[in-house]
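> Heads up: the sequence shown at position 260 corresponds to 300 in our numbering, and the numbers run straight through without jumps.
Keep in mind that the hints were calculated from the coordinates and are not lab data. A few of these clues could be false.
Said to hold, decoys possible - No more than 30 Å apart at the CA atoms, straight line, and that leaves these computed lysine-lysine pairs for DSSO-like:
| id | residue 1 | residue 2 |
| --- | --- | --- |
| 1 | 141 | 97 |
| 2 | 169 | 292 |
| 3 | 289 | 97 |
| 4 | 292 | 162 |
| 5 | 264 | 289 |
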Amino acid sequence: MHQPRSFLDKFFLVIKGLCMGAANKVPGVSGGIVAFVAGFYEEFIYSLQKINLKAFKLLFNGRFRSFYRYTNGQFLTLLIFGMLVSYFSVSKLLDYFLETKELFVWAAFFGMIIGSIYYIAKDFEHWNKRTIPAGILGLIVGISISFLNPAKENDNLLFIFLCGIISVSGMTLPGLSGSFILILLGNYVLLLVDSVNALYDTMSEVFQGDFSFAQNPKRLNTLKILAVFTAGSATGLVSLSHLLGYVLKRFKHLTTAVIIGFITGSLGVVWPWKRTIFVLDAEGLPLLDSNGDKIIRNYERYLPEIGQSETWWAAVFALLGVLILLALDWYGKNRNQKA
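I would like the entire structure built from these sequences, with the hints used as guidance.
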């Protein structure tokens, strides 16, 4: 049985969902890090594990209250509600700042990931001949992923379903960015920009009594792609949670060591000083997606110029990111002491 949550607990759970949703949208940042640092990672994984055969039996037998209790429904509902709100609000704001103040946004995330590494590693006292190689392996994989080249966009529905399974890894595996994986698979714009915008536009039209989208083949195809992607994400979320639940139960120290290494390696993905490389057409001009946005191919990293004021401001935002994580650590300790 889970302890009853106060109104403040419920409110903060929605906020954590907002943060997870925003983190999942940004290439290089993992929603799993938010869950790990905010202290609800294991509850998140074990709650998802409860979506199993027994849960479906309760649901199909009409025992909705038992289903809700068995699956830790309040926790999952509040968290997922926060994520959904984020996709249509916080992530839109984040998109704006990535467009106008990209360096400072990446710097803040870079600082937050440094803070995350400190937060996770500071109390880990199980480094030994098994966990050290595991940490190094995680580090190597994390660094390697940041230097892979993306594939081309592919709207094959089976591949879209696979993208859903793979991309949701960012929610369950701290340090692995589902959005960045989608860039590598070539489908970031199609699945997290075009599809989400198509759903947003459709919902807006429906609320206004406009059903003209039903005669728009391009819109219907994009919504079909989003539905398949969502189904793949749900499948991946449940299946990965069962695998991770097993691993966490039996190899907790090894798993934590890999996660520490992996998050450290992922710093390469969110390195603030980078130039965006766009997909070019035959004339050397950037290709645009259906919304008129330039399609990202990859990032070229460079070292900052120390004398520039922009560099110092970026350092301030990175420090702010670290301080946010230290504040979360302080809040968590005080909360536990009061409890």
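> Run the distance test for residue 292 versus residue 162: straight-line Cα separation, threshold 30 Å.
Holds - the C-alpha atoms of residue 162 and residue 292 are around 16 Å apart, at most 30 Å.
> Holds or violated: residue 141 with residue 97, Cα cutoff 30 Å?
Given pair residue 141, residue 97 is violated - Cα atoms ~50 Å apart, limit 30 Å.
> Between residue 169 and residue 292, is the straight-line Cα distance small enough, at 30 Å or below?
15 Å, holds
> With a cut-off of 30 Å on the C-alpha distance, tell me whether residue 289 and residue 97 pass.
25 Å, holds
> Please verify whether residue 264 and residue 289 have alpha carbons no more than 30 Å apart.
The hint is violated at about 38 Å.
Going down the numbered hints, you'll see the structure goes against 1, 5, while the others check out.
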